[in-house]
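Chains A and B, in that order, are what the protein sequence lines are.
At position 257 of the first sequence (counting the first as 1) the number is 257 in the working numbering, and the numbers step up by one without a gap.
In the working numbering, each number is its position in the second sequence, counted from 1, plus 335.
In case anyone wonders, no lab produced these hints; they're calculated from the structure.
Certain hints may be false.
Keeping only pairs whose Cα atoms sit at most 27 Å apart, straight-line, the calculated BS3-like set for lysine-lysine is [said to hold, decoys possible]:
id, chain 1, residue 1, chain 2, residue 2
1, B, K890, B, K943
2, B, K542, B, K503
3, A, K320, B, K764
4, A, K320, B, K535
5, B, K534, A, K320
Source: prediction; values computed, not measured.
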Amino acid sequence: MKSEVALENVNFASDQEIRWCPGCGDFAILAQMKKFLSKQGIAPENIAFISGIGCSSRFPYYLETYGMHSIHGRAPAIATGLKRMRPDLQVWVVTGDGDALSIGCGHLLHALRRNTDIKILLFNNRIYGLTKGQFSPTSSPGLITGSTPNGTVHKPLHPLNLALAANSTFVARAVDTNAKQLTETLRRAAQHHGSVLVEIYQNCHIYNDGTFDHAKNNKIKADHVVELKHGEPLIFGANADQGIRLNGVDLEVVQLGFEYREADLLVHDEQAESPAVAQMLAAMSYPHMPEAVGVFRSVRQPTHNELMPDENPTHASRQKRISELLLGSEPWTVS
Amino acid sequence: MNQKTKYSIETLSKPSTAVESVVVRFAGDSGDGMQLAGSQLAMSSALSGNDISTFPNYPAEIRAPKGSLMGVSYFQVHFASHTVNTAGDQVNVLIAMNPAALKGNIASVVAHGTVIVDTDAFTKNALRLAGYETDPLKDESLKEFQLIEVPLTSQTRAAVASTEINHKNATRCRNFFAMGIVYWLYGRNLDSSRRFINKKFDGVIAKANSLALASGWNFGETTESFARSYTVAPAKVVPGTYRNITGSEAMSLGLVTAAHLSAKNLFYSAYPITPASDILQRLSCFTDCGTRTFQAEDEIAAITSSIGAAFGGSLAATGSSGPGIALKTEAMGLAIMLELPLLIINVQRGGPSTGLPTKVEQSDLLQAVFGRNGEAPMPVLAASGPSDCFNVVLDAWRIATKLMTPVMILSDANTANGAEPWLVPQLDKLDPIVIHHPQAQTSSHSFDEDTYKTFQPYIRDEWLARPWAIPGTPGLTHRIGGLEKANGSGAISYDPDNHQAMVNLRQEKVAKAVELMPTLTVTGPSSGDLLIISWGGTKGACHEAVSLAQKQNFKVSHLHLRLIHPLPKGLETILAAFDQVLVAELNQGQLRHLLRAQYLVDIKGLNKVRGESFLIGDISKEISTMLAGELV
Chain A
1 MKSEVALENV NFASDQEIRW CPGCGDFAIL AQMKKFLSKQ GIAPENIAFI SGIGCSSRFP
61 YYLETYGMHS IHGRAPAIAT GLKRMRPDLQ VWVVTGDGDA LSIGCGHLLH ALRRNTDIKI
121 LLFNNRIYGL TKGQFSPTSS PGLITGSTPN GTVHKPLHPL NLALAANSTF VARAVDTNAK
181 QLTETLRRAA QHHGSVLVEI YQNCHIYNDG TFDHAKNNKI KADHVVELKH GEPLIFGANA
241 DQGIRLNGVD LEVVQLGFEY READLLVHDE QAESPAVAQM LAAMSYPHMP EAVGVFRSVR
301 QPTHNELMPD ENPTHASRQK RISELLLGSE PWTVS
Chain B
336 MNQKTKYSIE TLSKPSTAVE SVVVRFAGDS GDGMQLAGSQ LAMSSALSGN DISTFPNYPA
396 EIRAPKGSLM GVSYFQVHFA SHTVNTAGDQ VNVLIAMNPA ALKGNIASVV AHGTVIVDTD
456 AFTKNALRLA GYETDPLKDE SLKEFQLIEV PLTSQTRAAV ASTEINHKNA TRCRNFFAMG
516 IVYWLYGRNL DSSRRFINKK FDGVIAKANS LALASGWNFG ETTESFARSY TVAPAKVVPG
576 TYRNITGSEA MSLGLVTAAH LSAKNLFYSA YPITPASDIL QRLSCFTDCG TRTFQAEDEI
636 AAITSSIGAA FGGSLAATGS SGPGIALKTE AMGLAIMLEL PLLIINVQRG GPSTGLPTKV
696 EQSDLLQAVF GRNGEAPMPV LAASGPSDCF NVVLDAWRIA TKLMTPVMIL SDANTANGAE
756 PWLVPQLDKL DPIVIHHPQA QTSSHSFDED TYKTFQPYIR DEWLARPWAI PGTPGLTHRI
816 GGLEKANGSG AISYDPDNHQ AMVNLRQEKV AKAVELMPTL TVTGPSSGDL LIISWGGTKG
876 ACHEAVSLAQ KQNFKVSHLH LRLIHPLPKG LETILAAFDQ VLVAELNQGQ LRHLLRAQYL
936 VDIKGLNKVR GESFLIGDIS KEISTMLAGE LV
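Go ahead and model the full structure; you've got the sequences and the hints to work with.
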């Protein structure tokens, strides 16, 4: 029952006071989301935002839609139950690197593998912000935090690789301050049928400032970020003179114009059935490789709801069926 | 040969004696089909008009080593010409498929009881596995029983030889041969089991099982081991249509019915766990009732997905057993904070930790009432037996929706797996469960920002419940969450006065559950020397023991509790009218602890944590001790 109305003038901002630290990357994401929601043509009452715990999980409070700020890590499971019973709603999950990849990692993978039609936005700031600065599952090795005075020692998780391993049908990455690309990613995510994971690089300037500088700083980002465009070769660099080619089973950065030409480069295919190349693109990480942003994978597969033999019996047919069930197969009558 | 007339009570050639009540136990290896044999006998007995009660007992291992003591499972059936409240204290007829089954069960057989054994299974090796030093069939150890030695395996093989069945499958028909003997012994009709065989099995297997059943019956008729058979007359029960039902079946049907009565679709989410999985499996077959089931990735996802479904306006329920309930704890707190209706079913088993996964215990009561962080009150109801699982779900859903709260339903392993006849309710005679969802305040076609932002998700009605505004309703968009909410607006609030008020409010709201449940009734005089209090699945044993004592002029009465939290109205007055009060429960005194704390009465406890239910004799013995009399 989506209301087909012009919502250009709808202000999706709720009346709640925003409690993020001034300057937080979350503000930029919220602003783009509000802008996008007012354009997509779905009425506020048909949208639900579900979140877990963490700074990012305050997101639902600030949007004038239906929303739930739940418990740590469980938002994908809550959203799954909601979407199963209410296929008419557009259901979003807002989560963070600790929420989604540590305490709630199991729920994330299973929600994605079921291809439940929920849109999971993972704000990755590589730190536990709300608890005042402990390392997270995505923290870079060596990061000195409150709980790692000598630096972290563990290898970080790569959320997009996990999502692809779970066979998520829509996998993308955006950057909080890149408004245009973020909005476009939100639009694509909203239109996708099936499970969505969007990793959003988000800066926590209090506890992990500059962690994504390579992807955000206008002076250097062109040399460290490659924007994925379906059907186009992977070219990046301030002078658009670098490309990525497939060398055997590895990706390789090459200089264009000398030994290699555009035709030698990998052409991005977000619709490839196999997530193998997307896995390689998702694994590219700074400083060894440029990092990719955009849509890594977008394939249409039957969704969780489409796969289930759901029935919506009329009152009368249900009355008849339950009456039969109550009687069972071997009733007897005592007179 | 017309088999239909041949195998019925009228055609018996031997004399027949009427008896009132019989307890039969089929015991064998986990793979011997004892559960099937027992449940078929129960069905056939119910169809004969007897009242019945059953008790399946099985090990946690799916296929423990063949012939070992730990691999023995049994199924006990109590059928009678009078009302039956338990599966029976002592066994009249034991069918032991091997030495281990004999050894593990002989202690339950009444003196001079009948013991039917498969002599083919009493090999040297099997005797050794069961720990017998000498063959019990040859020494004098079974002399106080009526021992019936039947070469069950070879007789069965011979009986099915005319079919093309292979050797291994032929042996597996043994349980039907054994059933046939018992059917003959108690004049049971073979028709319902024949129908079952034809539904469950195909082709040659169906034919062989049918033959084995008939041959067992013929064996009883012709063997000289049995001098006579027995008849058990139909029980006098309220007229109506009955069926046989287990607790799991009743719970599942209760959920489907509660959804229908409240015009909702049912969402049931669970993670596989013994003994609760049966509910998930049954409900998964009810898609044609609008039911959606979800086998979640873990216990936490099972409850949180239910919370999502409840937010969406569905009847949401999740079921588990003690260890799984422990994992759901945090999410229960969320549901309490969100003030959403939700049913949480705990089919209790022996604990702590993994404990005794297939055995009964009532030791999760305090977990149910208190087991959450913060002041987190939740109504708790307990099913009194298999068929009551149906009603308890309807009661729980009425409370949950009236008060906008999660509700815990306690069952237990024996209640879930046990079966009894049930007077089938007529769906159109059940009261609808009326739920009010606030309607659209404005249409988004005429968008008015002020109206949009004035909805108060935490305003209260006369029950102190907040409105259940469901997504999709224009004008009612709102956010809920686990942080403390300002009463009324639902905005995040850390205000000390508000928190105190909200804690008080949630408690007062849950306390109102007593007004939604019937008043307590004492079975027997309303005052006397002793009051026995039971809750949950031990109602039957307490009821029987008290009835017996009352017949022998003991001044003892029985009170059974279905609402565990909040405690029902009028309990204090009832307690005060008795000189002594005893709580009988399968734990170390959890309900007793609650009652003593609440009413300051010196209540005694009868406690048992053996993974077994109470025998009637356990209660009778305690009555004798407390009242210094001899109860026989």
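Contradicted hints - numbers only: Violated hints: none at all, because every hint is consistent with the structure.
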